[in-house]
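A.B. asks: Chain by chain, the residues:
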Amino acid sequence: MSAALQSASAELTARLGSAAVFNQPVQRMLYEYDGGVDTALPDLVVFPETREQLQFVVETAARYELLLVPRGAGTGLSGGAIARHGGILVALNRMRRILALDYANQRARVEPGVVNLELSNAAAPAGYYFAPDPSSQQACTIGGNVAENSGGPHTLAYGVTVNHVTGLEAILPDGRWISAGGAALDTAGPDIAGLLTGSEGTLAIVAAITVKLTRRPEAARTLLAIYDSIDAAAISVSAITSAGLIPAALEMLDGFTLRAVEDYIHAGYPRDSAAVLLIELEGLEEEVEPGMHAVRRLCLQAGAREVQLARDAEQRQRLWKGRKHAFGAAGRIAPSLYVMDGVIPRTRIAELLRAADEIARRYKIQLGNIFHAGDGNLHPLVFFDQRQPGELDRAVAASREIIAACAAVGGSISGEHGIGMEKDQLMPLIFSEDDLDFMHRIRAAFNPQGRLNPGKLLPEFRACRETMNSWQLNAPFSSSDSVVSPNV
Amino acid sequence: MTTASASNLAAPASPAEVQACLQEAIARFTPISLDSSISDSSSIRLDLSQLRAWRFWEPDDLTCGVEAGLTPRDVQLRLSEQRLFLPFDLPSPDFSLGAALAGNHSGPLRQGYGSLRDFVIGIEFVTGSGELVKAGGRVVKNVAGYDSMKLMIGSRGSFGIITAVNFRLFPAPAPTATWLVPCPGWEAAKRFRAAVMASYLKPIAFELASSVQSAMVPPELAPPHHAQLWALVRCAGEEPVHHRYQKELSEFARQISSQLVAIPEDRESRFWDEWNAWPASAPLSFSAPPELALRALPLLADHARSAGLAFGFQGRLGLGVYRLALRPAPAPEWILAARSLLAGLGETWLTVPGAASPLNAWGPLATSRAFLRELKQHLDPHHILPDPFGLITENGTA
Ligand SMILES: Cc1cc2nc3c(=O)[nH]c(=O)nc-3n(C[C@H](O)[C@H](O)[C@H](O)COP(=O)(O)OP(=O)(O)OC[C@H]3O[C@@H](n4cnc5c(N)ncnc54)[C@H](O)[C@@H]3O)c2cc1C
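Protein sequence lines, in the order shown, are assigned to chains H and V. All residue numbers for the first sequence refer to the working numbering, where the first residue is 463 and numbers rise by one. All residue numbers for the second sequence refer to the working numbering, where the first residue is 41 and numbers rise by one.
Hints are computed from structural coordinates only; laboratory data are not their basis. Ideal Cβ placement from N, Cα and C applies to all residues, glycine included. Keep in mind that the hints are not guaranteed to be accurate.
Here are the computed lysine-lysine pairs in the DSBU-like style, where the Cα-Cα straight-line distance is at most 35 Å [stated by the list, open to error]:
1. V:K287 to H:K674
2. H:K826 to H:K783
3. V:K230 to V:K287
4. V:K230 to H:K674
5. H:K674 to H:K826
If you only want the chain V side, here are some residues facing chain H, beta carbon under 10 Å, derived [to be verified]:
6. P71
7. D75
8. E121
9. R123
10. K190
11. M192
12. I193
13. A235
14. A238
15. L300
16. D306
17. A410
Sample of chain V residues lacking proximity to chain H, with all beta carbon distances greater than 10 Å (derived) [as the list claims (entries may be wrong)]:
18. E98
19. S195
20. P280
Please put together the full structure from these sequences, using the hints given.
C.D. replies: What follows is the structure in structure tokens.
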């Protein structure tokens, strides 16, 4: 440990107590991971419990010019909360107070370490909840949701995290506080809260968050559409979207994945099907009933073998439990699992799934698919064994081809898991050098020394141009215009 | 490109030409202005109305991309062919999309659909360094890179000149119905709001105004008593949904000793056009957490009355975003006094975004000026972009 780190560790321990500073290797190793496949060992892990303690941590790091990496629950899937280049990991999961539940104004104010589901549970007696519902909601923090701009099955109708954040208070790496937005919707000046949301902890550490609370709907209908072909399921998604129906959730599981889920959860997905769609409609009783019939009709027209309606709350919960625990179920059938995240126009789902399948076959890897079909947000799952030499490399290479294929049809390289250290080198697939330069300038304003969460979200400049060239040469689905700047 | 260098007016016909204008501005150390009322030789005024191309249009994916000189009306017209729409109602449908984005304008439909911030999925702009860049993309969900869309929307050109925008679209709403609810006072308005918000109803518009022009409410529908305030609810859905609203809203109205006035179907669309057109003159903007706004507005009304000003307002009862009209226009001292009057209440924002003003039109900004100045410095290093918030110059222009 460097002299600077030793001094910082001593000062932090004196101020926060030894239970709030992990400096032993065995302690630090627990924080080498997040939910993704990358690892890196932090030099120190600190657990501030208050705003003042957080400020002290940030100021200490500034004084000794040490790197800082914010962390929530560590469920992120793109390596965002990993200390890629070492430094101090600032674990915010002990700043977990709900500061205000203001039902009259439909707002809540929370510290960043509040777990997503805890806020919804706290607001439930008043009939409200926090709408973004990542499948990890039992564990992930709202600070992490803000940093990743997380989505979830029900964000199709209700919007992702940024649509529910109205205000943030955050500390810059030099120790200055900034506030952004508020509880009001139209505050004066630029929308810095919107910019900070999704910035993956590379601009500021968020210390308080004001969010909208959403009224629970009166009625819900949950449908399970069962298919003998993946194409028919994909066509149903397009049919529902283009008919102008917006279900609250529209999720797809392919045959391989749903069988893994059945073995684990017994959710009630037919094991002999090629794919299922889990579709939920919410609203007034008078709205969901005709909506349900319309969706059922479209699914059957598109080739569904059967469309089941969840009979009661118990069956509905079981169907959702299968979806929400699908990553866990998948994790049981292979030693290692790589969860990908890409987005495509909703009209291209069938085509992309076929392309992904072809890539998997070429790389001789097992692929599963479970995703937010209504948003076109794919999550191909690569099953592999990290202990076998070369398997991780093959899994990563195949995944990158699939993500390149998403970019090539006008999609994005991430719909909700973020760029982190997983995809920083893939940014040139969808952004030009000038686009990235503008983002670097934004970062330089907040984080001029680059001490906050380095090595995340943006590629280094030189690497950027090289990566772009190599992808143009190698990506099988790329065309020259789509690789460089397919978007806008 | 149409340029008239004598008056320094440029009307670029493509984003590349906008880029050329900004590069010229950098070379000449001359700032860019987007304000049609400014025509001096010390700035290059950009008229972006010729940026009118459609970039893409995917009706089945409910997305489209257009250049910023088109108006919402232009876009709406084409979308309606496929029964799609942009839930975007403006005081004037002739605003260009670029202006609407830069000013973060919104109307009553924000209650049901959110604001531009919620349905812009991609943006292209020319930076203060003269580069043509983009953020976001063409798909409805996307977290790759910083969300510069948020930085551009509402910042009035401070960080770049918007040239094109991609939208997520919505299916045209099912048939709508609209009811007026005369509210006998502020307490009644507050109770009516609370009842609607606590119900399962999800109106697409939920408004409150100090008055309705007589043309909007035909005499045969005028309510029996003189209302102090008017609430307005619009829903979308089929017949049974309308009945449900009618039933519940009648009960909520009864609880405040009022009654519903249904706007006849054949007048509904005109009614909303007129509603959106109010007030014609440049107003003040006021925003607060929605319930708190109902405590602040009566204070503002009294404050206006005591200064001999006529006071009117209209806005989003569900969301706490209002436009205020005062006649004659208030002196800067009135606005400063109003801000300090409200300061004790909690979080309130009283701004003068529509007009150049001798005082700082914005009051305190949500993010510290010192930090925003640094951000501006990074993104507009040559000081050629507009400075509406007064980050570089002492006083901003609106
Ligand atoms: C089983 C499983 C299911 C998942 N399902 C979904 C899903 O449906 N939708 C979805 O979007 N994601 C999903 N995820 C990914 C993940 O849960 C989300 O990204 C989540 O928001 C991360 O929260 P966290 O508290 O774990 O953050 P972490 O993983 O600890 O951190 C994530 C990022 O946020 C930054 N960060 C954390 N806190 C702060 C703060 N206070 N200030 C600034 N930066 C901060 C970190 O630096 C890092 O870059 C899933 C993950 C798993 C393991």
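A.B. asks: Give me the numbers of the hints this structure contradicts, sorted from smallest to largest.
C.D. replies: Hints 5, 6, 7, 8, 13, 15, 16, 18, 19, 20 not satisfied by this model.
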